[in-house]
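Undergrad: Letter by letter, the chains look like this.
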Amino acid sequence: MKLAPEVLELDWEEVKNKVARFIRDYVEKAKAKGIVLGLSGGVDSSTAAALSAIAIGGDKVLGLVLPERETYSPREVKHAKLVAEKFGIKTETIDITPTLKTIQKTIPVFDPEDKLCKGNLKARTRMLYIYYYANKLNLIVCGSSDKSETMIGYFTKWGDVAADIAPLMDLYKTQVRKLAKHIGVPDEIVDKPPSPMLWPGQTAEEEIGVKYELLDLILYGLEHFMKTDEIAEQLNIERELVERIEKRWKSMEHKRRLPQTTKIQYRTVGFDFRLPQT
Amino acid sequence: MKTRFKVALAQISCQQGDKEANLRKIKDYAVKAKQHNADLVIFPELSLTGYVLRDELYKLAEKIPGPSTKAIEEIAREHEIHIVYGMPEVSEKTQATLYNTAVIVGPKGLIGKYRKMHLPTHSVFEEKRYFRPGYQTGVFETNLGKIGLIICYDIFFPEICRLTRLNGAQLIVCISASPAVRKSFFETLTIARAMENTAFVAYVNLVGVEDGLQFWGGSRLVGPNGKVIVSSKYDEEDFAVGEVDYAEIRYIEPLVPTLKDLRPEIFEKLKDAAENL
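The listed protein sequences correspond, in order, to chains A and B.
Everything in the first sequence is counted per the numbering used here, starting at 68 for the first residue and increasing by one.
Everything in the second sequence is counted per the numbering used here, starting at 6 for the first residue and increasing by one.
No lab work stands behind these hints: they were computed from the structure.
Any given hint could turn out to be false.
To be verified - Facing chain B, from chain A, some residues (calculated, C-beta under 10 Å):
id: 1; residue: 89
id: 2; residue: 276
id: 3; residue: 280
Unchecked claim - Within a straight-line C-alpha distance of at most 30 Å, the following computed DSBU-like cross-link-like pairs (lysine-lysine) qualify:
id: 4; chain 1: A; residue 1: 98; chain 2: B; residue 2: 238
id: 5; chain 1: A; residue 1: 245; chain 2: B; residue 2: 232
id: 6; chain 1: A; residue 1: 224; chain 2: B; residue 2: 30
id: 7; chain 1: A; residue 1: 83; chain 2: B; residue 2: 32
id: 8; chain 1: B; residue 1: 232; chain 2: A; residue 2: 85
id: 9; chain 1: B; residue 1: 151; chain 2: A; residue 2: 100
id: 10; chain 1: A; residue 1: 96; chain 2: B; residue 2: 232
id: 11; chain 1: B; residue 1: 133; chain 2: A; residue 2: 248
id: 12; chain 1: A; residue 1: 96; chain 2: B; residue 2: 151
id: 13; chain 1: A; residue 1: 203; chain 2: B; residue 2: 151
id: 14; chain 1: B; residue 1: 37; chain 2: B; residue 2: 133
id: 15; chain 1: B; residue 1: 133; chain 2: A; residue 2: 98
id: 16; chain 1: A; residue 1: 248; chain 2: B; residue 2: 238
id: 17; chain 1: A; residue 1: 330; chain 2: B; residue 2: 64
id: 18; chain 1: A; residue 1: 248; chain 2: B; residue 2: 265
id: 19; chain 1: A; residue 1: 85; chain 2: B; residue 2: 188
id: 20; chain 1: B; residue 1: 24; chain 2: A; residue 2: 214
id: 21; chain 1: A; residue 1: 85; chain 2: B; residue 2: 151
id: 22; chain 1: B; residue 1: 232; chain 2: A; residue 2: 98
We put the CB at the ideal spot given by N, CA and C, even for glycine.
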């Protein structure tokens with residue numbers, strides 16, 4: 068196998084149809100009234116929202132725009148509303164700053180200097196809002212996680228990843244960008260550098276230490292059982308970089324699973340209690 | 006015996022675990038097939054129950070004959086049609102030994118069953134966890150000639166179709182529950198199996214979404230020359246009817262005499278090599 072950008076090419080119309088069919092089928096089988104999702108203004112949530120609208124109609128999709136003071140960006144709010152307008156999605160904007168302040172004040176060990184813990188609190192707070200709407204209005208929560216970030220665990224456990232469905236989770240970030248362009252997500256959203264917006268100035272690629280174009284090819288190689296040496300040689304990069312990514316992928320498995328338990332009885336959740344989701 | 010007849014490909018989606026709903030659909034499509042003058046209607050693999058069932062299989066599997074085969078026999082009798090469908094079968098001799106089985110029923114009742122020989126247990130598949138493989142190919146004498154049954158992944162193993170054909174089947178029915186990433190394999194193999202055996206191949210695949218797996222449909226009837234006689238849509242329920250005329254085999258066999266040219270001594274070598282892979 069030759070690791071080159073072409074391996075990430077897919078028939079985007081077919082992918083669009085497949086994702087839309089999946090979303091529609093899930094909402095119908097769940098007998099839900101529609102979909103709710105967090106709209107950050109980034110490419111992933113914009114694409115998930117657009118595909119939800121394509122699947123079930125924009126009038127049945129609710130986008131929650133949930134800014135907070137520290138990372139507030141008029142551009143991101145503008146982008147969230149832009150995509151909502153383009154695909155006919157309803158939006159509601161709620162400033163989560165007061166909630167965050169209250170939570171921070173009531174946590175005895177809260178450390179304002181620990182930006183990771185503080186950032187994760189923001190993602191988990193947004194999750195509370197989104198699930199309240201889902202619960203109250205009988206909506207399915209659509210997640211926006213892509214395959215690149217899921218594989219390397221670049222997300223907040225029980226935070227942004229918390230959802231009922233994650234229709235983009237089998238598409239790498241660079242593939243989500245292509246799909247986004249194919250379905251008409253505005254270029255200004257697709258082409259900007261991605262950021263989880265957990266603290267001011269945060270950008271994903273700087274934090275991960277590698278561009279998505281390269282990361283996705285490394286991950287694609289790992290997905291296809293290629294050896295680290297082989298991947299490094301083909302991509303003309305240091306083996307240490309591939310090893311670092313591989314280590315990160317494997318060490319983050321705990322973020323992708325239900326809590327581990329220990330087997331005590333006949334059939335056990337997470338081990339051999341295997342039911343279809345019907 | 007009819008040598009020329011119509012075959013209906015009933016490309017349906019199933020309600021996971023809801024046998025009553027699936028039986029209703031099977032009946033509706035059997036009626037429709039009869040309205041199209043078909044003598045045989047074919048449903049996908051595990052069409053009685055849906056494909057992704059996991060531990061529910063223990064609850065859903067039935068003996069053959071059993072309540073569901075009785076219900077299908079009733080449909081076949083009432084509408085004077087042959088029906089091939091798939092279901093999880095529990096062994097008569099044990100209580101939790103299951104098979105992934107294809108059943109053929111005719112207007113006069115149950116004709117036979119075939120237990121899937123190759124159970125995929127890789128990628129998204131976990132069939133060997135639940136099912137015991139069958140040990141016999143399935144060729145059944147019917148009013149429509151000898152019909153052979155195989156199931157899905159069996160088609161990747163040319164020896165199964167070969168043996169089915171050598172046992173006299175001129176029509177090989179492959180019922181399937183194939184997720185989308187394998188489309189190109191099946192589209193190639195259905196044609197290859199028909200050509201290399203100079204037989205008709207009727208392939209009927211599931212559609213719909215089960216636990217995130219999407220089944221691609223694309224059912225087809227292929228002639229002994231490899232020509233696709235009729236095919237169904239991708240990704241959605243569909244119903245197609247095509248004609249089987251065994252006389253066509255007589256024209257293609259002299260042109261591509263694969264059965265005449267078989268070299269049985271190779272099969273022994275094949276066995277030795279496979280045992281020492």
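Undergrad: Each hint needs a verdict: does it hold in this structure or not?
TA: Each hint tested on the structure:
Proximity of residue 89/A to chain B holds as hinted, the smallest CB-CB distance being about 6 Å (cut-off 10 Å). At its closest, the beta carbon of residue 276/A sits 32 Å from a beta carbon of chain B; the interface hint therefore is violated under the 10 Å criterion. With its C-beta approaching chain B no nearer than about 24 Å, residue 280/A sits outside the 10 Å limit, and its interface hint is violated. Simply put, residue 98/A and residue 238/B have alpha-carbon atoms about 27 Å apart, close enough for the 30 Å limit, and the pair holds.
The straight-line distance between the Cα atoms of residue 245/A and residue 232/B is roughly 37 Å, outside the 30 Å bound, and the hint therefore fails. Between residue 224/A and residue 30/B the alpha-carbon distance is near 43 Å, which puts this suggested pair outside the 30 Å criterion. A hinted pair counts as satisfied when its Cα atoms are at most 30 Å apart, and residue 83/A with residue 32/B does not qualify at roughly 33 Å. A hinted pair counts as satisfied when its Cα atoms are at most 30 Å apart, and residue 232/B with residue 85/A qualifies at roughly 29 Å.
A distance of roughly 51 Å separates the Cα atoms of residue 151/B and residue 100/A; the hinted pair therefore is violated under the 30 Å criterion. Restraint check for residue 96/A and residue 232/B: not satisfied, since their Cα atoms lie roughly 38 Å apart, outside the 30 Å limit. Of the pairs offered as hints, the one joining residue 133/B and residue 248/A is violated, with about 42 Å between alpha carbons and a cut-off of 30 Å exceeded. For the hint linking residue 96/A to residue 151/B, the alpha-carbon distance of about 41 Å lies beyond 30 Å, and the restraint is violated.
A C-alpha spacing of about 59 Å is found between residue 203/A and residue 151/B, which places the hinted pair above 30 Å, so the restraint is violated. For the suggested pair residue 37/B and residue 133/B, the alpha carbons sit about 35 Å apart, so the restraint of at most 30 Å is broken. In summary, the hint linking residue 133/B to residue 98/A is not supported, as the alpha carbons are separated by about 33 Å, beyond the 30 Å threshold. Our distance criterion of 30 Å between C-alpha atoms is met by residue 248/A and residue 238/B, whose separation comes to about 27 Å.
Simply put, residue 330/A and residue 64/B have alpha-carbon atoms about 23 Å apart, close enough for the 30 Å limit, and the pair holds. Of the pairs offered as hints, the one joining residue 248/A and residue 265/B is violated, with about 56 Å between alpha carbons and a cut-off of 30 Å exceeded. Restraint check for residue 85/A and residue 188/B: satisfied, since their Cα atoms lie roughly 14 Å apart, inside the 30 Å limit. Straight-line distance between C-alpha atoms of residue 24/B and residue 214/A comes to about 36 Å, which puts the hinted pair past the 30 Å bound.
Between residue 85/A and residue 151/B, the direct Cα distance comes to roughly 39 Å. Violation of the 30 Å bound is thereby established for this hinted pair. Of the pairs offered as hints, the one joining residue 232/B and residue 98/A is violated, with about 43 Å between alpha carbons and a cut-off of 30 Å exceeded.
Comparing the model with each earlier hint shows violations of hints 2, 3, 5, 6, 7, 9, 10, 11, 12, 13, 14, 15, 18, 20, 21, 22; every other hint is respected.
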